[in-house]
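*Asks:* What follows is the residue order along each chain.
Number of protein chains: 2
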Amino acid sequence: MAKQARAIQTRRQILDAAGLVFDQLGYESATIAEIIAQAGVTKGALYFHFDSKEDVARAVLEEAVTTEGVVPQDSKLQECVDVGMVLAHRVPREPMLSAAIRLSTDLKARALFGTSWTPWIAFMAEQLALAKEQGELLPHTVPEETALVIVAAWTGMEIVTSDLKDGESLQHRVSRLYDHLLPSIAVPGVLARLDTSPDRGTRIWQAHQEQAGRDVETDKGVDLSMSA
Amino acid sequence: MAKQARAIQTRRQILDAAGLVFDQLGYESATIAEIIAQAGVTKGALYFHFDSKEDVARAVLEEAVTTEGVVPQDSKLQECVDVGMVLAHRVPREPMLSAAIRLSTDLKARALFGTSWTPWIAFMAEQLALAKEQGELLPHTVPEETALVIVAAWTGMEIVTSDLKDGESLQHRVSRLYDHLLPSIAVPGVLARLDTSPDRGTRIWQAHQEQAGRDVETDKGVDLSMSA
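Going line by line, the protein sequences match chains A and B. In terms of the numbering used here, the first sequence opens at residue 1 and continues consecutively. In terms of the numbering used here, the second sequence opens at residue 1 and continues consecutively.
Bear in mind the hints are in silico, worked out from the structure with no lab data behind them. Among these hints, one or two may not hold up.
Identical copies go unnamed one by one, so any copy, or any two together, can satisfy a pair.
To be verified - Derived lysine-lysine pairs resembling DSSO-like cross-links, with alpha carbons at most 30 Å apart: (1) K3 x K132; (2) K108 x K3; (3) K108 x K220; (4) K220 x K132; (5) K165 x K132.
Assemble the whole structure, with the sequences as input and the hints as a guide.
*Replies:* Next comes the structure, spelled out in C-alpha cells:
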C-alpha cells in the first residue's frame, strides 16, 4: 500500500475508534489513551494525525455527517427523504457518525465546538428550495423553516431511539417521521410517489457500496457537519 | 410560614438552583457546592432534603416535566398541542425544566437514571387514543406511533433551538413543528380549528397563574418525567 493510502487508513481507523469511545463514554470522560487502545495504533501514529482529544473530536464532527450514498433524483423532495433515510441506515453501523450526533447534543462538546446543525439545515433548505422551484411543495412552504423542522425532528428521533433501546430501528422511526411531515409540505401528486419505506436507506447505501467497489474514487457526498 | 411550607420552599429553591447548575455545566461537571452556592441555602439544608448530587438530579428528572397549566379541552388533539406549547413557554423560563431535558440527553446522566421519555410518550399516546375515539384523527393514525414522533420531534426542536441561539423562540419553533405534523393525523374539520399559534402556551400559562393566585392548591398536572 502506498504511504499516503496507509496514512489515510490509519487516520480513519483513529476516527472510527474515537467514535466508539466518545459514543460510549461521552466527550468529557473519553481519553486519548482509550482511543489509542481502541484503534490499535501507536501513540506516535495518533499524534502524527491529531494534536489533542479536542482535535480528534473536531475531526469527528467535521467529517462524519455527509450525504454519501445519496444519488440525484428527479424529485428533490425524494432526495431530502433519502438524506435522512441513508443517515438512519448508517448511524447504527458507523460509530463515528453516531458519536458526531452525540457530540452535537453534548453540553461540554457544544461549548467547545459550537453548533453543528447549521450546514445540515442549510443543505436541506437548498434541496427544498429546488423542490419548490420544481413545483413539488405546497405554496405556503418556507424551505428554511421546513429544513429546520426536518433536521431537528430527525435528531430527536435519533436521541429517543438510542435511548429507548426497544428494538425498533432508527430507519423505521425516521420513515414514520417523514410520513408525518411530508403531507404538510408536498403537493398530492408528488406525495403519492415519494418512497419513505424503512429499507430505503439500506437499498441506497448498498447500491452505493457496489458502485464504490467498482470505482477507484468514491463520492463522499456533501459534508453536512461543521463547516468551520 | 409554617415549618412544612418553608421546607417545601427550600426544596424547590434547591431544585431550581440545581437546574441552573446542571444546565450550565452538565451533570458531570456540576458539584453539590455549586448548587448550595446558587441556591443560597446551607449545606445542612441541602443534605436534609437530598443525599447526593445523583439524588438531586433524580428529583429534577422526576418532578420537572409536567402538564401543569394544561386545561381539558373538547378536542383532545388540542390538548396534545397544548402540552407541547405550554412546555415550550416554560422551558426557557424554568431552569429546572430545561435541566431535565438536558439530563435526558446527557450520556452520563442517561446511564445513571435511564430513559425519561416513556411516561411522556405514554401520556401523549393516551390523549391521542381519546382523540381517535372522538373521531378527531385520520383512520390510519396509530396513537403510540404518533406520540413518539411528537415527543421526539419536540425534543429535537428544544435541542436545536437552545443550540442555535438565533433569537427565534422555542414557542415559534414548536408551533411550526405542530403545523408540520398535524395535517398527517387530524381530520380536516378538526385541523382547521386547532390553535397552534406561537403564543398559545403563554396564554394558557398566564391563565393558569391567575387561577393559581386565587386558589390555595394549584393543580400541578400529570407528571411526565420518570415514573420510576
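*Asks:* Between copies, within a copy, both or neither: which fits K108 and K3 at Cα up to 30 Å?
*Replies:* neither (36 Å within a copy, 40 Å between copies)
*Asks:* With identical chains treated as interchangeable, where does the CA-CA distance between K220 and K132 reach 30 Å or less: within a copy, between copies, both, or neither?
*Replies:* within (26 Å within a copy, 45 Å between copies)
*Asks:* Have a look at K108 and K220 and pick one of within, between, both or neither, based on CA distance no larger than 30 Å.
*Replies:* The answer is within: 29 Å in one copy meets 30 Å, while 32 Å across copies does not.
*Asks:* What label fits K3 with K132 when the C-alpha limit is 30 Å: within, between, both, or neither?
*Replies:* Answer is neither; intra-copy 47 Å and inter-copy 64 Å both fail.
*Asks:* Treating 30 Å as the Cα threshold, decide for K165 and K132: within, between, both or neither.
*Replies:* This pair counts as between: shortest inter-copy Cα distance 27 Å, intra-copy 37 Å.
Hints 1 and 2, counting from the list given before, are not met by this structure.
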